[in-house]
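Asker: In terms of full-length UniProt numbering, the sequence shown is residues 1 to 458.
No wet-lab data here; the hints were simulated from the structure. Since this is a predicted model, take the numbers as computed values, not measurements. Errors might be hidden in some of the hints.
Restraint ranges, calculated between C-beta atoms of paired labels, are given here [claimed, not checked]: (1) Asn11 / Asn103: 13 to 21 Å; (2) Val257 / Glu65: 34 to 42 Å; (3) His448 / Asn110: 19 to 27 Å; (4) Asn312 / Arg280: 25 to 33 Å; (5) Asn79 / Glu344: 20 to 28 Å; (6) Asn79 / Asn261: 22 to 30 Å; (7) Gly430 / Val265: 14 to 22 Å; (8) Phe364 / Lys262: 24 to 32 Å; (9) Thr275 / Glu128: 16 to 24 Å; (10) His448 / His228: 34 to 42 Å; (11) Glu65 / Asp158: 24 to 32 Å; (12) Gln331 / Val365: 20 to 28 Å.
In the BS3-like style, the derived pairs of lysine-lysine whose C-alpha atoms are separated by at most 25 Å in a straight line are [said to hold, decoys possible]: (13) Lys53 / Lys67; (14) Lys392 / Lys298; (15) Lys370 / Lys111; (16) Lys143 / Lys111; (17) Lys392 / Lys106; (18) Lys286 / Lys351; (19) Lys397 / Lys435; (20) Lys111 / Lys335; (21) Lys111 / Lys435; (22) Lys229 / Lys244; (23) Lys9 / Lys56; (24) Lys332 / Lys301; (25) Lys335 / Lys408; (26) Lys231 / Lys298; (27) Lys5 / Lys56; (28) Lys106 / Lys68; (29) Lys332 / Lys262; (30) Lys298 / Lys286; (31) Lys229 / Lys286; (32) Lys67 / Lys10; (33) Lys111 / Lys135; (34) Lys30 / Lys135; (35) Lys50 / Lys67; (36) Lys370 / Lys301.
By construction, the Cβ of each residue, glycine as well, lies at the ideal position given by its N, Cα and C atoms.
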Amino acid sequence: MAKVKAPVKKNEEHILTFEDLTHDGQGVGKVDGYPLFVPYGLPGEEALVKVVKVNKKFGYGKLLEVKKPSPNRVQPPCNVFYQCGGCQIQHMNYEMQLQMKQNQVKNVLNKIAHLPDVPVHPTIGMDEPWRYRNKAALPVGEKNGELMTGFYRMRSHDIISNMETCIVQDKQNDEMVQAARDIANRFGISAYNEETDRGVLRHIMVRTGKNTNEVMIIFITRTKHLPHKEKIVKALTEANPNIKSIIHNVNDRRTNVIMGNKTYVIWGEPYIYDTIGDIRFGISAKSFYQINPVQTEKLYKKALEYAQLTKNDIVIDAYCGIGTISLFLAQKAKKVYGVEIVPEAIDDARKNAELNGMTNAEFFVGEAEKVLPMWQAQGLQADVIVVDPPRKGCDEKLLQAMIAMKPKRIVYVSCNPSTLARDLRILEDGGFQTKEVQPVDMFPQTMHVELIALMSRE
Numbered sequence: 001m002a003k004v005k006a007p008v009k010k011n012e013e014h015i016l017t018f019e020d021l022t023h024d025g026q027g028v029g030k031v032d033g034y035p036l037f038v039p040y041g042l043p044g045e046e047a048l049v050k051v052v053k054v055n056k057k058f059g060y061g062k063l064l065e066v067k068k069p070s071p072n073r074v075q076p077p078c079n080v081f082y083q084c085g086g087c088q089i090q091h092m093n094y095e096m097q098l099q100m101k102q103n104q105v106k107n108v109l110n111k112i113a114h115l116p117d118v119p120v121h122p123t124i125g126m127d128e129p130w131r132y133r134n135k136a137a138l139p140v141g142e143k144n145g146e147l148m149t150g151f152y153r154m155r156s157h158d159i160i161s162n163m164e165t166c167i168v169q170d171k172q173n174d175e176m177v178q179a180a181r182d183i184a185n186r187f188g189i190s191a192y193n194e195e196t197d198r199g200v201l202r203h204i205m206v207r208t209g210k211n212t213n214e215v216m217i218i219f220i221t222r223t224k225h226l227p228h229k230e231k232i233v234k235a236l237t238e239a240n241p242n243i244k245s246i247i248h249n250v251n252d253r254r255t256n257v258i259m260g261n262k263t264y265v266i267w268g269e270p271y272i273y274d275t276i277g278d279i280r281f282g283i284s285a286k287s288f289y290q291i292n293p294v295q296t297e298k299l300y301k302k303a304l305e306y307a308q309l310t311k312n313d314i315v316i317d318a319y320c321g322i323g324t325i326s327l328f329l330a331q332k333a334k335k336v337y338g339v340e341i342v343p344e345a346i347d348d349a350r351k352n353a354e355l356n357g358m359t360n361a362e363f364f365v366g367e368a369e370k371v372l373p374m375w376q377a378q379g380l381q382a383d384v385i386v387v388d389p390p391r392k393g394c395d396e397k398l399l400q401a402m403i404a405m406k407p408k409r410i411v412y413v414s415c416n417p418s419t420l421a422r423d424l425r426i427l428e429d430g431g432f433q434t435k436e437v438q439p440v441d442m443f444p445q446t447m448h449v450e451l452i453a454l455m456s457r458e
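Throw the hints in and build the complete structure from the sequences for me.
Answerer: If you want it as structure tokens, here you go:
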């Protein structure tokens, strides 16, 4: 059988008209029916493109010049946008970003879940889609004998040296990373070197309570000791009265994982606090807490709306984390049972329930796919099950346990449209019907979209 040749060759230049976008935001154009994926191309644009990689069925290109720009194209306000890769779609106006995310969800519901008729509502956006991130974790390097911080250049571990600010970060985070870096530099703290596995300071992390302005600073080091920590603490606390907690985390492994297993409070409290709606949360150095609290409130209110709770309802919250959704649900339900595999998160969840005076939420350590079948065997009957799994979606055993429990409703919160669609298909086959899906823009300027689906038993 003759080998099919691509109609383009590497390093050739072609004029393309972009027809669509991939799931990760690349423009899609065709040469004689052969698709080329090109970063920063927008649908409707005509552009000069250089072919950089050729596969059997598709290739990749580099955008050289936009000949006819889309009316949705804007100038990215970040000076390192094309180097960083943390944001993928700053070149796209916000209206198009929201529309694209809605379309992305519709496409996977059709192709993966085979649910083309389920209503997918317009994406809930932000009034101000900048400066929303409440956590910054920046690697530390050295340049000309001075400490530097910045995100990694795309597909590398080279720190972007001319990165002055990150405009999706809370402004206070930005300022405190710079202050912590400059103070560490003043006292001669060396940066960690990945190649030699030497040096001290690996990352500086800052967490901010968006609604309280409380700040936690975390120094992540290779070494067990943080040199001059008393002087560093004094200089930092004099720099910003909002600092409530200074933490030292030790990561002595050769790894890409940011934080290590040993965490010490070197000044202040082990927690800072933030509020979402009427509920107050304690956030530790390792807590999973949504990075965009403005949109989180909208997401959780939608979850509460979808749950349609009465004062007699029993709710299970699988993958409950530090209890954020659980406590929202506990405002309306008779009882909420939360389950989470991370023991520290369950400790935080229990403390957060106590902090808010909520006695109708109980939290358990374990794998949801094992705990739910056990609860079912013990006779626990849930009226509503809420799941908010990691990107890989729900375990098959958990989905089958949910089906067997026969709740009136399932509320599925997801950060990955594809795995959501896969799991909805399984739940549909198990006797549930998807009523509607609501995308929420938790991560403006990026391709990521959070979404929430309502299912009820047929």
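Asker: All the hints need checking, so say for each whether the structure fits it.
Answerer: Consistency of the hints with the structure:
Between Asn11 and Asn103 the CB atoms are about 33 Å apart, so this pair departs from the stated range of 13 to 21 Å. Separated by about 41 Å at the C-beta atoms, Val257 and Glu65 satisfy the suggested range of 34 to 42 Å. For the hinted restraint 19 to 27 Å between His448 and Asn110, the CB-CB distance of approximately 20 Å keeps it satisfied. A beta carbon spacing of about 26 Å between Asn312 and Arg280 agrees with the range 25 to 33 Å that was offered as a hint.
In this structure the hint that Asn79 and Glu344 lie 20 to 28 Å apart at CB is violated, the actual value being about 38 Å. For Asn79 and Asn261, the hinted distance range of 22 to 30 Å is not satisfied, since their beta carbons lie about 37 Å from each other. One distance hint, 14 to 22 Å for the beta-carbon pair Gly430 and Val265, is violated here, with the actual separation near 46 Å. Restraint check, Phe364 to Lys262: a C-beta distance of roughly 26 Å satisfies the suggested window 24 to 32 Å.
Between Thr275 and Glu128 the beta carbons are some 19 Å apart, a value that agrees with the proposed interval 16 to 24 Å. Evaluation of the 34 to 42 Å hint for His448 and His228 yields a pass: the beta carbon distance comes to about 39 Å. Judged by the Cβ atoms, the range 24 to 32 Å given for Glu65 and Asp158 holds: they are separated by roughly 27 Å. Between Gln331 and Val365 the Cβ separation comes to about 24 Å, which falls inside the hinted range of 20 to 28 Å.
The suggested pairing of Lys53 with Lys67 holds, with an alpha-carbon distance near 22 Å, which does not exceed 25 Å. A distance of roughly 23 Å separates the Cα atoms of Lys392 and Lys298; the hinted pair therefore holds under the 25 Å criterion. For the proposed pair Lys370 and Lys111, the alpha carbon gap of about 30 Å is over 25 Å, so the pair is violated. The suggested pairing of Lys143 with Lys111 is violated, with an alpha-carbon distance near 49 Å, which exceeds 25 Å.
Taken as a hint, the Lys392 and Lys106 pair is honoured in the structure, with Cα atoms around 19 Å apart against an allowance of 25 Å. Of the supplied pair hints, the one linking Lys286 and Lys351 holds, its CA atoms being roughly 15 Å apart against a limit of 25 Å. For the hint linking Lys397 to Lys435, the alpha-carbon distance of about 23 Å falls within 25 Å, and the restraint holds. Between Lys111 and Lys335 the alpha-carbon distance is near 37 Å, which puts this suggested pair outside the 25 Å criterion.
Distance hint between Lys111 and Lys435 is fulfilled; the C-alpha atoms sit about 17 Å from each other, no more than 25 Å. As the CA atoms of Lys229 and Lys244 are separated by approximately 16 Å, the hinted pair is consistent with the 25 Å bound. Only pairs whose Cα atoms come within 25 Å are accepted, and Lys9 paired with Lys56 is accepted, the gap being roughly 11 Å. Using a Cα cut-off of 25 Å, the hinted pair Lys332 and Lys301 holds, with the two alpha carbons roughly 12 Å apart.
Distance restraint check for Lys335 and Lys408: the Cα-Cα separation of roughly 15 Å lies within the 25 Å cut-off, and the hinted pair is therefore satisfied. This hinted pair does not check out: Lys231 and Lys298 have alpha carbons roughly 42 Å apart, beyond 25 Å. For the given pair, Lys5 sits about 7 Å from Lys56 by alpha-carbon distance, which is consistent with the 25 Å threshold. Taking the CA atoms of Lys106 and Lys68, the gap is about 28 Å. The hint is violated against a cut of 25 Å.
Proposed proximity of Lys332 and Lys262 is contradicted: the alpha carbons are some 38 Å apart, above 25 Å. With a C-alpha separation of about 24 Å, the suggested pair Lys298 and Lys286 falls inside the 25 Å cut-off, and the hint holds. At most 25 Å may separate the alpha-carbon atoms for a hinted pair to count; Lys229 and Lys286 meet this at roughly 21 Å. Taken as a hint, the Lys67 and Lys10 pair is honoured in the structure, with Cα atoms around 21 Å apart against an allowance of 25 Å.
With a CA separation close to 35 Å, the supplied pair Lys111 and Lys135 exceeds the 25 Å bound. Between the alpha carbons of Lys30 and Lys135 the distance comes to roughly 40 Å, so the proposed pair goes past 25 Å and is violated. For the proposed pair Lys50 and Lys67, the alpha carbon gap of about 14 Å is at most 25 Å, so the pair holds. Distance restraint check for Lys370 and Lys301: the Cα-Cα separation of roughly 29 Å exceeds the 25 Å cut-off, and the hinted pair is therefore not satisfied.
Against the hints set out earlier in the document, violations occur for numbers 1, 5, 6, 7, 15, 16, 20, 26, 28, 29, 33, 34 and 36.
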